[in-house]
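Listed below are the residues making up each chain.
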Amino acid sequence: MNRFKQTLVGVALFGTLSSPIWAADLTIAVATEPRSLHPLAQALNSNHELAKHVFNSLIEPDEKFGPTPGLAESWSPTDDPLIWEFKLRKGVKFHNDTPFTAKDVAFSYELVPNVPNSPSTYKRRTKKIAKVVVVDDHTVHIHTKTPYPLLPRSLSAVPIVSHTVGLETDPSEFNNGKMLYGTGPYKFVEFVAGDHITYTANKDYWGGTPKWDNVTIRWITSGPARVAALLSGDVDMIASVPTTDVANLDENSDINVSCDQTARIMYWSLDVSREYADHITAKDGSKIKNPLRDLRVRQAFNIAIDRDAIVDEVMTGLAVPANQITGEGFGGHNPNIPMPEHDIGKAKALMAEAGYGDGFKLTIHATNDRYINDDKQAQAIGQMLSRIGVDVEVVTQPVSGYYGKLRKHEMTMALIGWAAMTGEASSVIGPALRKGVRNNYGRWENPEFNRLIEGALGTVDMEKYDRLLKESVAVAMADVPIIPTHYQVACWASRTGLEFTPRADESTLAEYVNKK
Amino acid sequence: MTLYILRRLLQSIGVIFVVTALVFVGIYVIGNPVDILVSTEADQDQFERMVKILGLDKPLWEQFLIYLSKLVQGDLGRSFAFSEPALKLVLQRMPATIELVTVAMLMALIVGIPLGMYAGLHPERTASKTIMGASIVGVSIPNFWQGIMLIFVLAVSLAWLPSGGRGEIKTVMGITTSLWTADGWSHIITPAINLALAQCTLIIRLIRANVREIALLDYVKFARAKGLRRKRIVYVHIFKNTLVILITVVGLQFGNLIAYSVVTETIFSWPGMGKLIIDSVYILDRPVILAYLVIVVLLFITINLIVDLLYSVIDPRIRLDSDKHSS
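For the record, the sequence lines run as chains A and B.
At position 347 of the first sequence the residue is numbered 347 (the numbering used here), and the sequence of numbers has no breaks.
At position 198 of the second sequence the residue is numbered 714 (the numbering used here), and the sequence of numbers has no breaks.
A few of these clues could be false.
Here are the simulated SDA-like cross-link-like pairs (lysine to any residue), alpha carbons at most 20 Å apart as the crow flies [unchecked claim]: (1) Lys408/A x Ala775/B; (2) Lys145/A x Gly458/A; (3) Lys686/B x Phe191/A; (4) Lys435/A x Asp461/A; (5) Lys127/A x Val797/B; (6) Lys90/A x Gly207/A; (7) Lys686/B x Val189/A; (8) Lys604/B x Gly177/A; (9) Lys408/A x Phe738/B; (10) Lys405/A x Val779/B.
DEER-style ranges, computed between Cβ atoms [to be verified]: (11) Val765/B x Glu173/A: 41 to 47 Å; (12) Gln560/B x Asn96/A: 27 to 33 Å; (13) Gln560/B x Glu393/A: 28 to 34 Å; (14) Tyr798/B x Asp284/A: 38 to 44 Å; (15) Asn514/A x Glu578/B: 43 to 49 Å; (16) Val765/B x Asn514/A: 27 to 33 Å; (17) Met462/A x Lys686/B: 52 to 58 Å.
One-sided excerpt, in silico: chain A residues whose CB lies under 8 Å from chain B [as the list claims (entries may be wrong)]: (18) Asp195; (19) Thr221; (20) Ser232; (21) Ser400; (22) Tyr403; (23) Val513.
Hints are computed from structural coordinates only; laboratory data are not their basis.
Just so it is clear, CB atoms sit at the ideal spot from N, CA and C, and this is done for glycine as well.
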């Protein structure tokens, strides 16, 4: 099938491309439909990227999640480490002409855990907030329960809505557009479920006149259809370019492709706690003690995996090899952690040293519809581990039910994808490796790590936070509780004349599309 | 007559009950919808809160009973994912699907009937053999591939028609559809062809076989012997008698297309029910799956009812009220 798609695109390259007349109108096709237009209903990227057109946050994340001024012009912890002061921008108006003040900030953070009929998943970003104190119209004091260095990063993901919305308003009032007024660059015009949403420029935008007069975002689920829509000129830009089409589109002189590393890390979780693992037996099928509890076996796995091969062969070059939680340029990246060197001989020696020279039988699990090439990754890992004597059976399944099984610890070695929601390492290792947390699927425990990560997340001294976080990453990676393989790369394609700045949070935003 | 319709309605209630029970058990076996709905960021608190909001903390039989008691009152529940009434979500997207299927079916009939008649009346001619040969193509090419090919030829290479989407919608005489606008028509043609091809093949083959069979029957021979004009024999004696089987099949296929136009809708990003149901199955959105199935069951029953009524109009020998015989 993939080869066929390539041929098709190849054929299409020779076809003439209709080039629309230059207008300040932009049509974008993205892959995933939103589940709600309510900006605070669910922390899903498909919802959030739409909300970002209409709403702002106090702090706006840049391409790599770095905090930059948004509705707040400045912020800093006060002398009391539990209180942060935010100075708000003056003269900002909501689309319905009401002024933006501190009241709206307090209201929004109160609404976050209380959105009616919703999972309210933004709650995690505000749960450290004890109370929001309105000092004056343009000053807010946010009290946290414990000293919290991630407050700016956490709040950068939470859109501010007008207090006139009211706490009881049902999310459907946002879907029909009634409550869809924010302070953002674009005003809502029309929403047709499953088809498109349109926006028009907010000429009074505090950040200057928006780049486009009219923006239409369409949902085209099927990858080849998205590519066809771009090639036929029906849309100006597409998100989530299918990996198989990236190379072909890149060669097309009418198309611009821009790819960049995202904050999504792919790793293998290992059951390092139980005495007997569910999916490991001796080669003859008899019960053996869980070999993954032995550091040497984990180290052997770590170097038996050829990351370059995964990136080049499985991911067709559209990934970046990973040796830790976040890549270069992201928070918590520790440059002192070495990239594990692929070495079968050394891996075999480690296995023999641990007493598993003859290997064992292992079943690994992966999704087959959630991450880019997830099933192929699992096959590749299976082959790589078989070279050090492990008989691997690969089981893949749809994501429905996958994470449920993981949480019940029914898998021994499983593929996991995780986007660092704050763009720094603690938002992954915090919930994934700390003692006793729900997403610590392998139940790894390490007191030194817990001390470091808790220290990092318990200070507002940003230098100390940074140092402790990097140390905690190093301590974790040295014990190989998980095996990171690569960071996912996301690609966008547009007609020439347009240039998109890729964002590590994978959001497709009209304001990031420039005319060249 | 009334009795007949009532009996049909009772049947459909039975079907809805069975379908609902199957979906409840099926989703229960696959996993907990909350695992997928709540993002990986969520902590245990949020997880449990969500389970409670959705009523998934109760035992399965209790959830089922609650659902049934609400169903009786016409409340099909709220979508887990969209937090909107499930019925509203499905009905919102139904017109797009019905519109697409109707156009596709009409295309198939307009092309299929004449070709099928021709091939049936003149089975030995080269043209007939060409029709039959070509019609195989319609069924043997996978729907998905066909759709992509259509897009690349009509939208990308020739740039005649748009590559997907529904186009401009207008409301005239209380009916909201894209068929009122030229833009709407330009959008519907490609996906409709994609859906129509297989149906067209079916109709051609069906009519041809039927015509050949009927042409040999006594009353046709008699009509010819009586010296009736050929036109009259073809249109009245032969064609009218193929209608019974044609209506049966078209009725069934119409229901099928509405329920299973998923592939076409996905490729052409047609905002119909098919796309919604696929997404809902993926995230185990039980209320939407159920609302969809209830609607589809009702649609099937209605279509079958219409087909049955049409029978008695076309063929007076077929009677609906079998009261005098056994029921």
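> Where does the structure disagree with the numbered hints, that is, which hint numbers, in rising order?
Replying inline: Of the numbered hints, 1, 4, 5, 9, 10, 12, 15, 16 and 23 do not hold.
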